[in-house]
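Q: Place chain B on chain A using the hints.
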Amino acid sequence: MSTPATREPRIVRLLLTATALSFLTLFLVVPLVAVFAQALEKGWAAYADALLEPMALSALRLTLLTAAIAVPLNVVFGVAAAWAIAKFDFPGKDALVTLIDLPFAVSPVVSGMVFILLFGRQGVLGPWAEALGLKLVFSVPGLVLATLFVTFPFVARELIPLMQAAGTEDEEAARVLGASGWQTFRRVTLPNIKWGLLYGVILCNARAMGEFGAVSVVSGHIRGKTNTLPLHVEILYNEYNFQAAFAVASLLAFLALVTLVAKSLVEWRAASEHASHAEDPHVD
Amino acid sequence: MRLRKSHSVLPGFRLAMGFTLVYLALVVLVPLSTLFWKSATLGASGFWQAVSAPRVVASYKLTFGASLVAAVTNGVFGFVVTWVLVRYRFPGRRLMDALVDFPFALPTAVAGITLTTLYAPNGWLGAPLEKLGIKVAFTPLGITLALTFIGLPFVVRTLQPVLESLDPEAEEAAASLGASRFQTIVRVVLPALFPAWITGFALAFARALGEYGSVVFIAGNMPMKTEITPLLIITKLEQYDYAGATAIAAVTLVASFVLLLTINRLQSWGARLGRAE
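In order, the protein sequences belong to chains A and B. Okay, so the first sequence: first residue is 1 according to my numbering, each after it adds one. Okay, so the second sequence: first residue is 1001 according to my numbering, each after it adds one.
Excised from the complex, chain A in its bound form (with noise of 0.2 Å):
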């Protein structure tokens, strides 16, 4: 533990603890319980159908298309890149990570407004995509790709410095000893990340299934046809139906919820393993 000369006064202590709690408390705690008790206003019953109106239930279909969508192939993408950038040396490598962060720096709303530059009536590839009879925006693919566009870089962000950081001799050894490539990605790789590939898809279905400024752009907002949820709570609050809004983003909240403990899980699970691994003296 600290000595008292590098502690800070008792006084100091209780006034930064509870200035943090009060910013905490209203920032955090105070909109999340709103959430759930404006979706409750009317109570349960209200609440239900809230949810079960078929709207509702086209939105959330949508959505989780969407997700089903653009998770596993964002996946497929951040493995195959991590495996490149970590285990191998090549020029450039320093731009290709900065444009895989690329994403997270543009505006929601950017990101899905290039998809209708390309594909809309107007576009670069509109009079392709309608010569094939390809209805690319304003539908369900204008919808994914925007989505696959916001959630690119998660998954490849939380494997390349984890890939890094476990180096490349475990896999070489493998390789020497007979192991095919895919029996060491497989055996020696996967063990190693799978916590942090857990994680990344965790973050990517959430905003895969959150995302809204770039789909509203895209989706033409159709309802019961281009409607994800979180478009579905914004027509519902645009209508003052603020009840039914709530109870569907309660909804949304409550996955956000999931997120953060499915998070904690993770970190604790990890964390419990590396202690485990220091402590054996044949591994590290």
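A portion of the hints provided could be inaccurate.
Below, a sample of chain A positions facing chain B; criterion: calculated Cβ distance under 8 Å [stated by the list, open to error]:
{"#": "1", "residue": "T6"}
{"#": "2", "residue": "A80"}
{"#": "3", "residue": "A81"}
{"#": "4", "residue": "D101"}
{"#": "5", "residue": "V106"}
{"#": "6", "residue": "S107"}
{"#": "7", "residue": "A129"}
{"#": "8", "residue": "L132"}
{"#": "9", "residue": "L148"}
{"#": "10", "residue": "E171"}
{"#": "11", "residue": "V188"}
{"#": "12", "residue": "L197"}
{"#": "13", "residue": "L198"}
{"#": "14", "residue": "V201"}
{"#": "15", "residue": "A253"}
{"#": "16", "residue": "S276"}
Incomplete in silico selection of chain B near chain A, CB under 8 Å [unchecked claim]:
{"#": "17", "residue": "P1011"}
{"#": "18", "residue": "F1013"}
{"#": "19", "residue": "T1020"}
{"#": "20", "residue": "V1028"}
{"#": "21", "residue": "Y1060"}
{"#": "22", "residue": "I1113"}
{"#": "23", "residue": "T1114"}
{"#": "24", "residue": "T1117"}
{"#": "25", "residue": "L1237"}
Hint data in this document are derived by calculation from the structure and do not stem from the laboratory. Glycine included, each C-beta is placed from N, C-alpha and C at the ideal position.
A: Frame of chain A; chain B shown alone:
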């Protein structure tokens, strides 16, 4: 060079790299380059007119100003929160620590309607503030508040690992050499935390500049007064003014590229400092 050769023991470089590059190009680079391609077709004068109209400039000022104030607020309170979470022990600490990521995980539209309902003139917090003569919802103050909410995790999560790994010996040495606690913090602790702190600040600022969902409900969206740049882009798109929307989007995109490069520089600076210690 011999070491590099030994890397070729591992398979899959061509496959992984090829897939990475193709996927990156298809999902990110081609769509983004459309924006610059479209901007180029506007011509210099058309582009300039679109990006310098008074309504557009007003939106830049609002977005930039509110983002800056929000990032500074997070810089100050985020520091206090990190300090308390890392250095002090109190009941509920783990819960609060986990909750810090809530703004990351919560969909922006949900954040938007919740903050608006809380701070509306008849809301839980809006009503008492209204009595004090402070209007939050549908004013620049409301925009700043929403941007503070979504930027909150950045400073804490960049600062936290650095503060956790800070060697206590440096502080003990300073104390034993007669430095007061305040001197130790200002001269020893703060310089070590500075790169992470400024990185967190820049991340929060960058996120705020492009933010749409959490702001659009609380902003009021009055042209010249409470209209943020991302909303203006959407308004132009809905009016089929694709040229105008493209030009403004190109400006915001360049601004975010510059910020991204700055943040990368800051991060590698922090990493170098960390190694040097």
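Q: Sort out which numbered hints this structure fails and list those numbers smallest first.
A: Hint check: 7, 8, 11, 12, 13, 14, 16 and 21 fail, others pass.
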